[in-house]
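Given only the sequences and the hints, what does the whole structure look like? Please build it.
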Amino acid sequence: MKLRILGLLAALLIGAAAPAIAQTAPRAPSMAEEMEVQALLRGTHIQGRISIPDEKAATLIQPEGREWRAFHNVTLAWVGGIAVLGMLAILTVFRLSKGRIPIEGGRSGRTLLRFNVLERGNHWMVASCFIILGLSGLNLTFGRHILLPIVGPEAFTAISQWGKYAHNFLAFPFTLGLVVMLLIWVKDNIPNARDIAWFKAGGGLIGNEHPQAGRFNGGQKMVFWITVLGGAVVAVSGYLLVFPFFFTGMEGMQLSHIIHSLLSVLMIAAMLAHIYIGSVGMDGAFDAMGTGQVDLNWAKQHHGLWAQEELAKGRTAVQPPGAKASGAD
Amino acid sequence: MARMKFLLDAERCIECNACVTACKNEHEVPWGINRRRVVTINDGKPGERSISMACMHCTDAPCAAVCPVSCFYTTADAVVLHDKDLCIGCGYCFYACPFGAPQYPRLGNFGSRGKMDKCTFCAGGPQADNTQAEYIQYGSNRLAEGKLPLCAEMCSTKALLAGDGEIIASIYRERVQRRGYGTGAWGWRTAYRETVAI
Ligand code: HEM
Ligand code: SF4
Ligand code: SF4
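Protein chains in written order, with my numbering: chain A, 1 to 329; chain B, 1 to 198.
Keep in mind that a hint or two might mislead.
Covered by chain B, per the in silico footprint, the following chain A stretches (three or more residues, Cβ under 8 Å) [to be verified]:
(1) 58-69
(2) 159-166
(3) 250-256
Here's a subset of chain A near chain B, in silico, CB distances under 8 Å, partners left out [unchecked claim]:
(4) S30
(5) M31
(6) E33
(7) T44
(8) I46
(9) R49
(10) I50
(11) D54
(12) L140
(13) R144
(14) L148
(15) V151
(16) P153
(17) A155
(18) P244
FYI, nobody ran anything at the bench for these hints, they're computed from the structure. Every residue, glycine too, gets a C-beta built ideally from N, C-alpha and C.
Listed below in structure tokens is the structure:
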């Protein structure tokens, strides 16, 4: 208020002294300039009253748009580019130096059920949604630099429009899948002392030791929590974006977008590593989410404690009624 | 070629909303969309001013910079226009625009936005000048007919000026010098990184 009056006074003073002095004395800023500069420096709006129902229209000038622009065009592009390409580079180097991680002693031919149908179905629902959400999101960040020059403006708009629909609709099965994932797997993903030892041993990837692990090892627990917690934040911020200005105002929308897109690109990088190790990176790993049956030797190598438990369960299993002891007849 | 700009002399604006009405009518802008609006700051207090605001056709336009489908273009008159056939209604231009100019019809699923609409400086869009197709999507193209934006032409107090930036700045400068005061060219610093030196 004080500044506004000062600005007004300054404007009035110049006016009164004009034109003789105005040409020689340094010009004081006008009220408009003063308010624009102050809003910019303080990150506030120039706000007023409006006679139409759209409350957003009462903001005359919102200088934060400038920061949001810098975020979207510069920060996000760099962070996203480095995260995604950097992770691909790391995985390539890893692959070239260590090759595919083999099953020690080869396949035994005996298998254990690792994930049942519900677990696998839910995993693939979340995974396929994630891939499409990720690609359609990245398209908004990088598409105009990469895809647009290749396919041309009309085709690019068609792709982006479908991407937007997919992004909006797949948000729902994705979120549902995250909730189910949390419910069915949280009990096996509570961090414990064994995970610290697992990380100290480099997860068996970097050194040559074989750290012990239960159903999920330290790295998998990390993937779980990145997915569940990161996914929750991405989902909440995403819903704020899907329902524009419904729950929040301009700052809220800009902030939601910043959180959503930054966390998303980081999650995409993390998931690239997860996809690598679950498919081409490790022999025997894909079966867990493919058929659900993993080789016993793979299980002993990577989830020794879990394999022991499962085998013990098998031994103490209650006999089905009518079963005869072996050699009884 | 001229560098087209808007300039609002807040000392003259009486908040009659004629510019808003003229714009709505000239381009048959649908309900819920306002290409131009009048905002009153310091309402009822000393220093109260009403400012008619629309797209300022910025230099280095923020909307164009962030658009994920790059559907904006700048005409030879420095008017910032966009192609509705390419827009996907993502709303990013509204987050970046300092003046709240981009508007969206509510369409489709959730609160999702239809194709963005904003002030065209009465210069239509990428369709052929003054065709029905252009009119339906963007409104009339007065610039192609050699006329200036209707909002400013209609303004009874001539608070709202539209046209070649040099010319409207000199009109404003002369007014301020003659009457001895003025609150400055609203939005100019933000849109054009310059102000009108008095
Ligand atoms: C779970 C619910 C999700 C919802 C509701 C959601 C919603 C949105 C919305 C509304 C936008 C703004 C752009 C637009 O209108 O299309 C957006 C941007 C984005 N989303 Fe999502 N999203 C979700 C999940 C994800 C996931 C899992 C990823 C990554 C794998 C992702 C990646 C992105 C990226 C990178 C952007 C920003 C692109 C840019 O601005 O350059 N989103 N999201
Ligand atoms: S006022 Fe807004 S919509 Fe108009 S050119 Fe500037 S940033 Fe773009
Ligand atoms: S709403 Fe349309 S014009 Fe605006 S940034 Fe998105 S695609 Fe571009």
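Structure-based check of all given hints:
1. As drawn, the stretch 58-69 of chain A meets chain B at 10 residues by the rule of a beta-carbon pair under 8 Å; at three or more, the given contact holds.
2. Here's how the stretch 159-166 of chain A fares: 4 of its residues keep a CB closer than 8 Å to some CB of chain B, so the rule of at least three is met and the hint holds.
3. For the stretch 250-256 of chain A, the assignment as covered by chain B holds, since 3 residues bring a beta-carbon within under 8 Å of that chain's beta-carbons and 3 suffice.
4. Using the Cβ-Cβ criterion of 8 Å, the hint placing S30/A at the interface with chain B is satisfied: the shortest such distance is roughly 3 Å.
5. Restraint check, M31/A versus chain B: the minimum CB separation of about 4 Å is within 8 Å; hint holds.
6. About 5 Å separates the beta-carbon of E33/A from the nearest beta-carbon of chain B, less than 8 Å, and the hint is met.
7. For the restraint placing T44/A at the interface with chain B, the shortest Cβ-Cβ distance is roughly 13 Å, beyond the 8 Å limit, so the hint is violated.
8. Look at I46/A: its Cβ gets to within about 7 Å of chain B, closer than 8 Å, so that hint holds up.
9. For R49/A, the suggested interface contact is upheld, since its CB lies about 4 Å from the closest CB of chain B, less than 8 Å.
10. Interface restraint check: I50/A against chain B, minimum CB-CB distance 6 Å, threshold 8 Å, status holds.
11. For the restraint placing D54/A at the interface with chain B, the shortest Cβ-Cβ distance is roughly 7 Å, inside the 8 Å limit, so the hint holds.
12. Look at L140/A: its Cβ gets to within about 4 Å of chain B, closer than 8 Å, so that hint holds up.
13. Interface hint status for R144/A: upheld, as the beta-carbon distance to the closest one in chain B is roughly 5 Å, under 8 Å.
14. Proximity of L148/A to chain B holds as hinted, the smallest CB-CB distance being about 6 Å (cut-off 8 Å).
15. Proximity of V151/A to chain B is violated relative to the hint, the smallest CB-CB distance being about 11 Å (cut-off 8 Å).
16. Contact between P153/A and chain B, as hinted, is supported at the beta carbon level, the nearest pair being about 5 Å apart and thus within 8 Å.
17. Hint status for A155/A: violated, given a least beta-carbon distance of 11 Å to chain B, over 8 Å.
18. Because the smallest distance between the Cβ of P244/A and any Cβ of chain B comes to about 5 Å, under 8 Å, the interface hint for this residue holds.
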